[in-house]
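Q: Spelled out, the chains give:
2 protein chains.
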Amino acid sequence: MKDKHLIEKCLETEPIFKGRLLDIHRDRVRLPNDSESTREYTRHPGAVAMVPLLPDGRIMLIRQFRYPVRKVMIELPAGKLDPGEDYLTTAPRELEEEIGYRAGEFILLGEIDPCVGYSDEHMWICLARDLTATTNNLDRDEFLEALPVSLPEAVRMATDGTITDVKTIIGILWAERYLSRKAR
Amino acid sequence: MKDKHLIEKCLETEPIFKGRLLDIHRDRVRLPNDSESTREYTRHPGAVAMVPLLPDGRIMLIRQFRYPVRKVMIELPAGKLDPGEDYLTTAPRELEEEIGYRAGEFILLGEIDPCVGYSDEHMWICLARDLTATTNNLDRDEFLEALPVSLPEAVRMATDGTITDVKTIIGILWAERYLSRKAR
Numbered sequence: 661m662k663d664k665h666l667i668e669k670c671l672e673t674e675p676i677f678k679g680r681l682l683d684i685h686r687d688r689v690r691l692p693n694d695s696e697s698t699r700e701y702t703r704h705p706g707a708v709a710m711v712p713l714l715p716d717g718r719i720m721l722i723r724q725f726r727y728p729v730r731k732v733m734i735e736l737p738a739g740k741l742d743p744g745e746d747y748l749t750t751a752p753r754e755l756e757e758e759i760g761y762r763a764g765e766f767i768l769l770g771e772i773d774p775c776v777g778y779s780d781e782h783m784w785i786c787l788a789r790d791l792t793a794t795t796n797n798l799d800r801d802e803f804l805e806a807l808p809v810s811l812p813e814a815v816r817m818a819t820d821g822t823i824t825d826v827k828t829i830i831g832i833l834w835a836e837r838y839l840s841r842k843a844r
Numbered sequence: 661m662k663d664k665h666l667i668e669k670c671l672e673t674e675p676i677f678k679g680r681l682l683d684i685h686r687d688r689v690r691l692p693n694d695s696e697s698t699r700e701y702t703r704h705p706g707a708v709a710m711v712p713l714l715p716d717g718r719i720m721l722i723r724q725f726r727y728p729v730r731k732v733m734i735e736l737p738a739g740k741l742d743p744g745e746d747y748l749t750t751a752p753r754e755l756e757e758e759i760g761y762r763a764g765e766f767i768l769l770g771e772i773d774p775c776v777g778y779s780d781e782h783m784w785i786c787l788a789r790d791l792t793a794t795t796n797n798l799d800r801d802e803f804l805e806a807l808p809v810s811l812p813e814a815v816r817m818a819t820d821g822t823i824t825d826v827k828t829i830i831g832i833l834w835a836e837r838y839l840s841r842k843a844r
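Chains as they are written, first to last, in this note's numbering: chain Y, 661 to 844; chain C, 661 to 844.
Possibly wrong hints are sitting among the right ones.
Intra- or inter-copy, both count: the list cannot distinguish identical chains.
Unchecked claim - List time: in silico DSSO-like cross-link candidates among lysine-lysine, alpha-carbon distance up to 30 Å:
{"#": "1", "residue 1": "740", "residue 2": "664"}
{"#": "2", "residue 1": "678", "residue 2": "662"}
{"#": "3", "residue 1": "678", "residue 2": "731"}
{"#": "4", "residue 1": "842", "residue 2": "678"}
{"#": "5", "residue 1": "842", "residue 2": "731"}
Everything labelled a hint here was simulated from the structure, so no lab data went into it.
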């Protein structure tokens with residue numbers, strides 16, 4: 661078997677805590693050298709983030725408070741998948757909920773695993789374009805502020821320390837590559 | 661107060677689970693509109709990732725199995741800070757433990773928050789250069805394989821879907837910008 665010297669096998673999984681968001685498990689695993697260890701992690705339904713390209717060429721970022729880090733972060737709009745949902749169903753719903761736009765087209769820029777040490781979260785990142793304004797419709801415990809910026813300004817923010825959120829740094833840098841390739 | 665319309669305040673914190681890795685809390689919070697909600701998250705000691713620039717100009721990636729996502733991932737070497745430790749103390753220790761190199765210089769490329777939805781993890785990303793080989797010394801439950809690649813190859817892998825780990829995508833794209841600016 662390929663990668664036998666790296667792969668760990670599940671021997672037993674123990675549910676530890678299931679809350680509104682977190683679904684913590686502790687598994688007993690067989691290591692590649694046949695000894696045993698434990699792995700702790702949360703299960704996650706997956707998520708999608710959008711790089712919304714406005715009609716005037718700017719991209720729409722948002723500012724929102726993130727309680728775990730106790731900071732207002734600059735981010736791409738994003739949302740979790742409902743159980744069994746495809747990211748292309750989630751994307752238009754979350755885009756409209758968070759920033760009040762509909763997109764004519766979603767283009768997959770790539771996929772990321774944000775937290776491989778302790779979460780199975782997988783995230784799709786899309787360029788959202790041909791946008792038309794509707795109205796946003798936030799969840800009752802969600803508060804955010806729109807922050808439209810030009811693409812060069814977004815790239816500067818993704819490389820000078822202004823933005824530290826990973827999906828946002830990656831989404832902006834991937835969008836820049838995608839759009840500059842298209843422009844050639 | 662700036663951002664009063666966004667900031668959430670802690671009313672009470674409840675420790676839920678403390679394991680080998682995870683330290684789960686559920687907090688009762690006051691929302692900007694004065695209603696209440698709960699937030700679940702893990703506390704994390706922080707981490708540092710290194711982009712190791714080998715004497716031949718390649719960068720040293722590693723392949724390692726990540727149990728939560730059940731995949732062999734291509735990553736930068738990285739490690740967690742010991743309590744109270746500065747990332748510049750962690751970086752040389754983890755670099756030598758994981759890939760068996762000492763660096764003459766660590767240059768901070770930037771900082772990320774990998775998982776703002778449910779973790780306070782903060783990560784520093786450094787370029788490690790002037791490398792000299794020693795011997796690696798992995799933790800007893802750590803298994804990995806070295807994967808040296810050229811910088812253009814690493815950039816390709818960080819943009820074509822081969823690499824999905826966030827610190828690795830960002831570290832490679834930041835290192836490329838830093839080194840191409842230097843080269844001008």
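Q: Each hint needs a verdict: does it hold in this structure or not?
A: Here is how each hint holds up against the structure:
Taking identical chains as interchangeable, the C-alpha atoms of residue 740 and residue 664 lie at most 30 Å apart only when they sit on different chains, with a minimum of 26 Å there against 33 Å within one chain. Taking CA atoms no more than 30 Å apart as the test, residue 678 paired with residue 662 passes in neither setting, with 35 Å inside one copy and 35 Å between copies. Both within a single protomer and between protomers do residue 678 and residue 731 lie at most 30 Å apart by alpha-carbon distance, with minima of 25 Å and 24 Å respectively. Taking the closest pair of Cα atoms, residue 842 and residue 678 never come within 30 Å of each other, the shortest separation being 45 Å inside a single copy and 49 Å across copies.
For the identical chains of this complex, residue 842 and residue 731 are neighbours neither inside a copy (36 Å) nor across copies (32 Å), given an alpha-carbon limit of 30 Å.
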